[in-house]
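Novice: Residue strings, one per chain:
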Amino acid sequence: MTPFLAAVLQLVALIGALALAYRPLGDHMARVYSSDRHLRVERWMYRAIGADPDADMRWPAYLRGVLAFSAAGVLFLYLLQRLQGSLPGSLGFSSIDPDQAFNTAASFVSNTNWQSYSGEQAMGHVVQTAGLAVQNFVSAAVGMAVAMTLVRGFARTRAQGSTGLGGAPHGTGGLGNFWADLVRGVLRILLPISVVGALVLVACGAIQNFAGIHEVGRFTGGSQQWNGGAVASQEVIKELGTNGGGYFNANSSHPFENPNGFSNLFEIFLILLIPFALTRTFGRMVGSVRQGYAVLATMVGIWIGFVLLMWATEFAGHGPAFEAAGGAMEGKETRFGIGASSIFAVSTTLTSTGAVDSFHSSYTGLGGGIAMLGMQLGEIAPGGVGSGLYGMLIMAIIAVFIAGLMVGRTPEYLGKKIGTREIKLAACYLLVTPALVLCFTAAAMSLDTPAHSMTNSGAHGFSEVLYAYTSGANNNGSAFAGLNADTQWFNTTIGLAMLLGRFVPMVFVLALAGSLAQQRPIPATAGTLRTEKPLFTGLLVGVIMIVAGLTYFPALALGPLAEGLAA
Amino acid sequence: MSSTDSATPTRAPHRDLPTGRGPERRVGGGLFDPGQLLTSLPDALGKLHPRVMIKSPVMFVVLVGSVLTTALAVKDPGNWFGWAITGWLWLTTIFANLAEAVAEGRGKAQADTLRRAKTDAVARRLSGGTEEQVPGAELRVGDLVVCEAGDIIPGDGDVVEGVASVDESAITGESAPVIRESGGDRSAVTGGTKVLSDRIVVKVTTKPGESFIDRMINLVEGAARQKTPNETALNILLASLTIIFLLAVVTLKPFAIYAGADDQTSLIVLSALLVCLIPTTIGALLSAIGIAGMDRLVQRNVLAMSGRAVEAAGDVSTLLLDKTGTVTLGNRQAAEFVPVTATTAAELADAAQLSSLADETPEGRSIVVLAKEQYGLRERHAGELEHAEWVPFTARTRMSGVDLTEDGTARKVRKGATGAVLAWVREHGGALADDAEGTANAISQAGGTPLLVAVEDGKGARVLGVVHLKDVVKEGMRERFEELRRMGIKTVMITGDNPLTARAIAEEAGVDDFLAEATPEDKMALIKREQAGGKLVAMTGDGTNDAPALAQADVGVAMNTGTSAAKEAGNMVDLDSNPTKLIEIVEIGKQLLITRGALTTFSIANDVAKYFAIIPAMFAVAYPGLDKLNIMNLSSPESAILSAVIFNALIIVALVPLALKGVRYRPMSADRMLRRNLGIYGLGGLVAPFLGIKLIDLLISLIPGIG
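Protein sequence lines, in the order shown, are assigned to chains A and B. Using the numbering used here, read the first sequence as starting at 1 and increasing by one per residue. Using the numbering used here, read the second sequence as starting at 1 and increasing by one per residue.
Calculated directly from the structure, the hints in this document are not laboratory data. Only a predicted model underlies this, so the values are computations on that prediction, with no experimental measurement involved. Warning: the hint list may mix true and false statements.
A partial selection of chain A residues facing chain B, derived with a Cβ cut-off under 10 Å [unchecked claim]:
#, residue
1, Arg520
2, Pro523
3, Leu535
As a list, the in silico DSS-like pairs of lysine-lysine whose alpha-carbon atoms are at most 27 Å apart [what the hints assert, rightly or not]:
#, chain 1, residue 1, chain 2, residue 2
4, B, Lys474, B, Lys490
5, B, Lys535, B, Lys227
6, B, Lys474, B, Lys372
7, A, Lys533, B, Lys535
8, A, Lys424, B, Lys535
9, B, Lys207, B, Lys227
10, B, Lys694, B, Lys628
11, A, Lys424, B, Lys227
12, B, Lys528, B, Lys490
13, B, Lys253, B, Lys75
14, B, Lys108, B, Lys227
15, B, Lys470, B, Lys372
16, B, Lys661, B, Lys55
17, B, Lys55, A, Lys424
18, B, Lys490, A, Lys533
Note that the Cβ used here is the ideal one computed from N, Cα and C, for glycine as well.
Using the sequences plus the hints, can you model the full thing?
Specialist: Here it is as structure tokens:
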């Protein structure tokens, strides 16, 4: 079997598995977020935090919940790292420096999981398990919760939820309850899948223990160490929650995290599972699964397109080294090969996961560019858990606005008018990440010190910096190895990029959801733009590619394109 | 050729002259005249003021770019490239203003005509029973003024006393006078129109300066133009794209310095790149599209009181159409002669024709026409028949007819409403035929109107038969409603008829629904019901009791013949008072939105080609591999950048006619429309600039010393 055929078979198997899980999981999530029943354990938790899970929150209240909860998360994670030196179960690691502790706290709370540290050399069991793993769950649940508000914004009508005097048609503009969404997301969706997934990984050979550090051999100039740890349990939520922060520095290319070809494929499956299935949840909740399929088709189309492009760049390539290895093998594990590594790379960059089983910096120039562009699309195909869906819906709103006019009606999506307020919020959303990526990269390139962190010169060196801010602002977290990001400048600026790139867009999404929820839906007629048709899907792909392409083309030209076209 | 022609003395050259001018004269009206570009140039230059430019964020950025490059060019006057870019950036700005100026210019001519009508009429104000002369500008709401034949009505108002014929051509362009009388639905008069006969007393209803004619002038000149909601939203999106491109271009400088391409990314080049990337095409044409949309309405004699209403027209999903005048011809027409048992149809037709000759109502005329069409009965004129005594139709008798003396025998023929004719027969001692009444009832129930025809001659008085009058659905309405249905618009016919009649006509015309025995309250309730379901409703109306419904409807078109209350309540006025126009209004609304969407898509799609022109031009020196992106194979970096800038400027001018005329609109489903427009403006927008930039580059490379 040629490597290429193997790659195709793996892709087919992956798609098949995702297709099987799509409906049951999507429907399950729709029930979870629509149900009005609470589990007993959930009631205890609500009582413990003093929240009323039945209160229908308007968007400002919901936003306050999101921000307060996340701020508390950042503070807790920061303190945990700062105090690591005095905590038991820390494997003797010292406390983390303030700038790196801030960066890591921001990173895990924003679901980015950018790591400027090496897990096995800096973080003990307590921080890994009580700090980082916990955020892996809750940051993902926050993303899903925010996505649900936007879905509810579309699904709810002004008349619904009306308990006003005399049944007057004044909606509350309610978007659901943040605490209920958060708790349910963790308890009813992420935890059960994680338990099963962790067992699968353990069966594959991933480790799960609280062992210490083993010295396994001495080499010239140093010793090799193996760390134990609750790896499998953290690995599963790392992928499932599109987090990506590895237990070990080598991330998913480390055999303790990702032992073999099957576990590799399973991890890709976990990465894509919820983001794809959420389109079913969306379709269910807005009352038209076909609308969900249209969004799904857009995501799948882009994802497969990127996989094919990545294969094209990585399998091709000339020169003796390439031909001996059957393609660009530098930076890739022989266990996984070019095909599976490429699928992993595309899936992790298109989903805001940022876990890696191969090193993107070592990909061909164009291959590195594909990984970068994947993030620059805004992490929407299929994107992070929750954030992918809401990001894609924002793009759908933009596409509807531009093209919807061409059917001779003022634009509407899912029966809701896209008016001045809606387009203002969507446009603001659109501005955030490009502004962060371009401004921070420009600042880093203009100043003297940040440039010292680059390993390479020329176009590849520029790609290292561009990749870092692209990854941070889009909450991906993967790194274009080579950049020494553990400096005060990078820890601080990337930390800020991650926080702003996560929470500023959420403000606009919640405001938009609130605005949509108050609208009365417009019934569809023959004159309405059919957003469930293939034509619209094609249009949406076009708008996404053109908007991202136009924004980043000059920067990409000076990095990956300059490098890739040089040959 | 021409020299031989003129050398031939046998031909008369003067005869060729008028035909030679023919094509030029045809230009004008709704079409775009390239000469307008020239005549609007002063206005366009006047709009360069930053305070005006800031209204369009996209074009404001271009203006700033132009000023910046001018300063740079002045600093380095030996650089031809800097001057060339500067020149074309200024042209881009001016072209944008030109588009708006041309659009406005078309309204100005109309405004001038209106202004002429607005002469400062002297009003004859009544105060305390005496008449005083005051200037029209001093009239206040509630004042009573007298107008007699020859007077110009000094202000908008309602006739409270008298009846007069009024020449309203100043506003409507229609020369036939109209009747205005106190009370009822024809009491509204407009300032600036002229009384032709009789005397009326008008109660002024508007303040000076706010009259209908003032508002019209403001509207057609665009002075009162405010951005519509969709236009505002589009502007926001364009502004945010501009910010994104501004970021992309500004941050490019440090990246380029690092890459060693500092010299190739001078401020002039970056300004050129920025102007090429921001959506200047749509930014430049956006306001022209809006003005032209209003203008297209004005050309059809419809005045929209706000642009919001025009946009709403595109979104309408329910149309309320008055039966009479919209769905059916204004009057009922004779469709059939139904004789009673003892009579032949030909006999009946003859009698019906005779008795209708003195009936000048449309119904009466239609009987004469039907008799001619079906039985070949030539219309007889009053003079042909001897000893004929005509009995004209009156609303009181509800009958018409003729008394004849033929060969010494008297013959009286009558035609009219069932009750009236039956009473006449009874009065003249005749027996009533049983089947006449039955036929009449059957016709009534089928939705028609029966007219009885009776005669009194030597055989006594008797009913000959029944004429079946029915509503005639206007030609082409079925197809029209079919189109509307395909566009997703539901039509509801409004009529005062009983449900039976209404159903028959609704089925024949092909409307989706009907509202029978409609009262103004019913209309109002229907509109509210539709709106509660999220639909936008359009309707026409003219009466005072239509006013609440007109105000409630999303698009309320008041007939100009209607009362001032109706005109006040609606958001559009149809000067022709033609209810069918509602359909055209919807189409114009849709066309306006489509034009905006098409040009936005075109504008954004254009950017792809511009990147392929400019990026290799800037960076191929630093990274030679990037020259592979120069897929257009442009001759030099300077030429590539300049070509992109020139294309960007010229495309604005090239699209001005499209912006003014609007994208061609044909009723079809949303799917097909999207596919068609995406094909033309999306794919076209991707491909066109590749061709255009290459062509301009070829031309530039021919200039010596540059290529």
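Novice: Now, for every hint given, state plainly whether the structure supports it.
Specialist: So, going through the hints one by one against the coordinates:
no.: 1; hint: Arg520; in the structure: holds (5 Å)
no.: 2; hint: Pro523; in the structure: holds (6 Å)
no.: 3; hint: Leu535; in the structure: holds (6 Å)
no.: 4; hint: B:Lys474 x B:Lys490; in the structure: holds (18 Å)
no.: 5; hint: B:Lys535 x B:Lys227; in the structure: holds (23 Å)
no.: 6; hint: B:Lys474 x B:Lys372; in the structure: holds (21 Å)
no.: 7; hint: A:Lys533 x B:Lys535; in the structure: holds (23 Å)
no.: 8; hint: A:Lys424 x B:Lys535; in the structure: holds (24 Å)
no.: 9; hint: B:Lys207 x B:Lys227; in the structure: holds (26 Å)
no.: 10; hint: B:Lys694 x B:Lys628; in the structure: holds (16 Å)
no.: 11; hint: A:Lys424 x B:Lys227; in the structure: holds (16 Å)
no.: 12; hint: B:Lys528 x B:Lys490; in the structure: holds (15 Å)
no.: 13; hint: B:Lys253 x B:Lys75; in the structure: holds (20 Å)
no.: 14; hint: B:Lys108 x B:Lys227; in the structure: holds (19 Å)
no.: 15; hint: B:Lys470 x B:Lys372; in the structure: holds (18 Å)
no.: 16; hint: B:Lys661 x B:Lys55; in the structure: holds (23 Å)
no.: 17; hint: B:Lys55 x A:Lys424; in the structure: holds (17 Å)
no.: 18; hint: B:Lys490 x A:Lys533; in the structure: holds (23 Å)
When each numbered hint is compared with the structure, no violation occurs for any of them.
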